[in-house]
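Asks: Protein chains in written order, with our numbering: chain A, 7 to 119; chain B, 57 to 165.
One or more hints might be untrue.
[What the hints assert, rightly or not] Below, a sample of chain A positions facing chain B; criterion: calculated Cβ distance under 8 Å:
hint, residue
1, G48
2, L94
3, L96
4, F110
I should point out that these hints are in silico values taken from the structure, not numbers from a laboratory. Glycine included, every Cβ here is placed at the ideal spot set by N, Cα and C.
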Amino acid sequence: EAGVTQSPTHLIKTRGQQATLRCSPISGHTSVYWYQQALGLGLQFLLWYDEGEERNRGNFPPRFSGRQFPNYSSELNVNALELEDSALYLCASSFPGGAGGYTFGSGTRLTVV
Amino acid sequence: LAKTTQPISMDSYEGQEVNITCSHNNIATNDYITWYQQFPSQGPRFIIQGYKTKVTNEVASLFIPADRKSSTLSLPRVSLSDTAVYYCLVGDWDDKIIFGKGTRLHILP
Chain A
7 EAGVTQSPTH LIKTRGQQAT LRCSPISGHT SVYWYQQALG LGLQFLLWYD EGEERNRGNF
67 PPRFSGRQFP NYSSELNVNA LELEDSALYL CASSFPGGAG GYTFGSGTRL TVV
Chain B
57 LAKTTQPISM DSYEGQEVNI TCSHNNIATN DYITWYQQFP SQGPRFIIQG YKTKVTNEVA
117 SLFIPADRKS STLSLPRVSL SDTAVYYCLV GDWDDKIIFG KGTRLHILP
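Could you build the full structure based on these sequences and the hints that come with them?
Replies: If you want it as structure tokens, here you go:
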């Protein structure tokens, strides 16, 4: 069974540009979570989607947004990129509400120059 | 959301049993306790989840006392490859899960 897949693996953008990160959950999982992890730091909760709706978001500015598609895949969009947005962006999926724990993807390394 | 407190770092030797304790004094009735392992530049990996008493799987055991205000992850006979950051998370199935700073476990030869 395929795990959580994220694309691209690496992404380099210049300041002010937009970045789009994609995530495909494990088959059967309807919840998708996004986390940001800056180098050497902990995971910061970004967004939680379930059944196509945003269920909760972390303490991030509105230029961080996303959506979940009918097939439960998800996109994270970051507008007006800033240097401090450089981080590993991790996507996780689970059964509704996190039952049984999360399964994480390998992440997208975003570098803003 | 129940806040968790873990040691920032721990050292141990290969072949030893390692116990990492997590405090969660404000755990709610519906909250589960879940532990994850993370290697550098990788996503966290689910280790074990429990609600009360003891849970064991092929890689770890989780001990939860009756008051559920703490939990202990037990890793039997660790190896160098167990060097990682370990996160204790507390939450229910209908809430966002917040990761704390985790415990950096360093296994020495």
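Asks: Compare the structure with each hint and give your call.
Replies: Here's how the hints hold up against the structure:
1. G48: Status holds, d = 5 Å.
2. L94: With a minimum Cβ separation of about 7 Å from chain B (threshold 8 Å), the hint on L94(A) holds.
3. L96: holds, 5 Å
4. F110: holds, 3 Å
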